[in-house]
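*Asks:* Protein sequences, first through last, are from chains X and Y.
Counting in my numbering, the final residue of the first sequence is number 299, and the numbers go up one at a time with none missing.
Counting in my numbering, the final residue of the second sequence is number 1299, and the numbers go up one at a time with none missing.
Any given hint could be a false lead.
Said to hold, decoys possible - Straight-line distance between alpha carbons at most 27 angstroms, and here's what the computed BS3-like set of lysine-lysine pairs gives:
no., chain 1, residue 1, chain 2, residue 2
1, X, K248, Y, K1248
2, X, K115, X, K191
3, Y, K1266, Y, K1219
4, Y, K1003, X, K73
5, X, K74, Y, K1003
6, X, K248, Y, K1291
7, Y, K1266, X, K248
8, Y, K1219, X, K74
9, Y, K1074, X, K73
10, Y, K1034, Y, K1003
11, Y, K1034, X, K74
12, Y, K1248, X, K290
13, X, K248, Y, K1074
I should point out that these hints are in silico values taken from the structure, not numbers from a laboratory.
There are 2 protein chains.
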Amino acid sequence: MTKEDVAREMRELQDFICSKLEALDGEGRFIEDKWERNEGGGGRTRIIESNALIEKGGVNFSEVYGEVTPMMKKNTEITGDSFFATGVSIVLHPNNPHVPIIHMNVRYFEMDDGKYWFGGGIDLTPHYIVPAQAGAFHRGLNVICDQYSQDFYPEFKTWADNYFFIPHRDETRGVGGIFYDHLSESESVSKEDLLNFSMALGREFPNLYAYQAELGRAKEFTQDQLNWMSLRRGRYVEFNLVHDRGTKFGLVSGGRTESILMSLPKNASWVYNNVPSEGSQEEMTMSLLKKDIDWISMG
Amino acid sequence: MTKEDVAREMRELQDFICSKLEALDGEGRFIEDKWERNEGGGGRTRIIESNALIEKGGVNFSEVYGEVTPMMKKNTEITGDSFFATGVSIVLHPNNPHVPIIHMNVRYFEMDDGKYWFGGGIDLTPHYIVPAQAGAFHRGLNVICDQYSQDFYPEFKTWADNYFFIPHRDETRGVGGIFYDHLSESESVSKEDLLNFSMALGREFPNLYAYQAELGRAKEFTQDQLNWMSLRRGRYVEFNLVHDRGTKFGLVSGGRTESILMSLPKNASWVYNNVPSEGSQEEMTMSLLKKDIDWISMG
Chain X
1 MTKEDVAREM RELQDFICSK LEALDGEGRF IEDKWERNEG GGGRTRIIES
51 NALIEKGGVN FSEVYGEVTP MMKKNTEITG DSFFATGVSI VLHPNNPHVP
101 IIHMNVRYFE MDDGKYWFGG GIDLTPHYIV PAQAGAFHRG LNVICDQYSQ
151 DFYPEFKTWA DNYFFIPHRD ETRGVGGIFY DHLSESESVS KEDLLNFSMA
201 LGREFPNLYA YQAELGRAKE FTQDQLNWMS LRRGRYVEFN LVHDRGTKFG
251 LVSGGRTESI LMSLPKNASW VYNNVPSEGS QEEMTMSLLK KDIDWISMG
Chain Y
1001 MTKEDVAREM RELQDFICSK LEALDGEGRF IEDKWERNEG GGGRTRIIES
1051 NALIEKGGVN FSEVYGEVTP MMKKNTEITG DSFFATGVSI VLHPNNPHVP
1101 IIHMNVRYFE MDDGKYWFGG GIDLTPHYIV PAQAGAFHRG LNVICDQYSQ
1151 DFYPEFKTWA DNYFFIPHRD ETRGVGGIFY DHLSESESVS KEDLLNFSMA
1201 LGREFPNLYA YQAELGRAKE FTQDQLNWMS LRRGRYVEFN LVHDRGTKFG
1251 LVSGGRTESI LMSLPKNASW VYNNVPSEGS QEEMTMSLLK KDIDWISMG
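With the hints as extra help, turn the sequences into a complete structure.
*Replies:* What follows is the structure, given as structure tokens:
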């Protein structure tokens, strides 16, 4: 399997997901911007803005390559002199506070010294946590993981708890999901398996999101709930700009800023020292933004 | 002059500025949260939220000390085993898009190995740049600087251009101002001068802001201009969370998150690939978000 094979599969995955998401949204259509990277490669940024389901979302494909710069060496684990990277990144912010924010990324790195790795992740950020829905999400991920290795789900679920965490808030970003990085072939898993695993996640993504979206999109909501959504979006912005490694890598590697920051919501807000009232849905959500919750058993 | 003397002056500066800002706003009153840092010291966070002039603003005093942690060593230039830091930090976000955002910080560090330094900065971020107003702001700073050293304004103005810069946008945050760091006594400037310089900046801050505020606060504005303000606030959030060293130091040194992130606006927005229309005020503002503009000659 060549790096061009991986890139082709990633490109096809972007097409597949965009088509499914347009059908799910029902109204919005992706607009596409093709871009080139001065130092090598480029991508296809696709953005959807809809009044139906997805207020603002992006599904990005990129295939970039070139020299490993000092900035990249300082900020990443990349070795060697030149690199190749390809992947698909998704963030969807819904209009309705009862639909969660969802994120997915699958990526492949190859260095000129022959090293390669796969990475990826998928996680759910409900504005209002419903444990049964979080359970369904995790069960879906568990099923895909188990097809490749029994170790994947428990290991990658814990990795997600630790990765999608905001230390300065002592909160997880949402109910987590799975996260993995630097995966290369081993005795039990081949390189082809690793590619297939990433593609299986990608192809299941529209179903996983559709389940969450259909449960929430028709629910009524109040202005207070919209305000709460804006506050939670503020936390999403904090995570992405302060902690997210993908965002940092993109910004320091000369990535296209508008493509990278498509992950930010249409609006976000910050209110000093906001504390939800006792017994509220908002307080319940805050109480569940913790690592190490066994969501499957709660669903 | 002891570190306690510096801290006392900083505390008094906070009182002075809050009192002036309440008078300027006319309606809003600061609320105060006193906080303690587990590892040593604490602060007084003061927040104002008003419908008159200042939609959301903070004037923070802190005096923290303790052990230099590995995280602090990694992220700052601090040497030695224990440190003392005190300062005042201000960010004001106005209701009216014709009033600029303003920021000020004055700070003092002392290490147990006897080293100390002063740092600070003050910069203006108009949503709509009016060159004459930017010129007045810079002239005011120039006058204060010249009382201490003829080198200060030119040196610190350039420093601000480089510091208040968003590389991933290739934009300055606003029209700059002055920035300085790691200043200690020299043949031409004593330690007392350096403290007096920081205090002179702090005491002039309310006047500098009042001038800008009075010119803009009564101007009418449209919903489109409010939307533009939200987009510019988005850039402010990007700068503070991705680049600002003060924010980073605060978050890694166990600072109080709600006090540090008081700098974030009530709301901010992100629209994919927003490009102002040709000949618009918004386009003119974008064209002036550059380093090395001699604002004084434009005023």
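*Asks:* Each hint: holds or not?
*Replies:* Hint check:
Pair hint K248 of chain X plus K1248 of chain Y holds up; C-alpha atoms about 14 angstroms apart against a cutoff of 27 angstroms. Of the supplied pair hints, the one linking K115 of chain X and K191 of chain X holds, its CA atoms being roughly 12 angstroms apart against a limit of 27 angstroms. Simply put, K1266 of chain Y and K1219 of chain Y have alpha-carbon atoms about 21 angstroms apart, close enough for the 27 angstroms limit, and the pair holds. Pair hint K1003 of chain Y plus K73 of chain X does not hold up; C-alpha atoms about 40 angstroms apart against a cutoff of 27 angstroms.
The straight-line distance between the Cα atoms of K74 of chain X and K1003 of chain Y is roughly 36 angstroms, outside the 27 angstroms bound, and the hint therefore fails. With a C-alpha separation of about 24 angstroms, the suggested pair K248 of chain X and K1291 of chain Y falls inside the 27 angstroms cut-off, and the hint holds. Restraint check for K1266 of chain Y and K248 of chain X: the C-alpha separation of about 25 angstroms stays at or below 27 angstroms, so the hint holds. For the hint pairing K1219 of chain Y with K74 of chain X, the CA-to-CA distance comes to about 48 angstroms; that exceeds 27 angstroms, so the pair is violated.
Our distance criterion of 27 angstroms between C-alpha atoms is met by K1074 of chain Y and K73 of chain X, whose separation comes to about 17 angstroms. Only pairs whose Cα atoms come within 27 angstroms are accepted, and K1034 of chain Y paired with K1003 of chain Y is accepted, the gap being roughly 20 angstroms. For the given pair, K1034 of chain Y sits about 39 angstroms from K74 of chain X by alpha-carbon distance, which is inconsistent with the 27 angstroms threshold. For a cut-off of 27 angstroms, the pair hint linking K1248 of chain Y to K290 of chain X stands: about 23 angstroms separates their Cα positions.
A hinted pair counts as satisfied when its Cα atoms are at most 27 angstroms apart, and K248 of chain X with K1074 of chain Y qualifies at roughly 18 angstroms.
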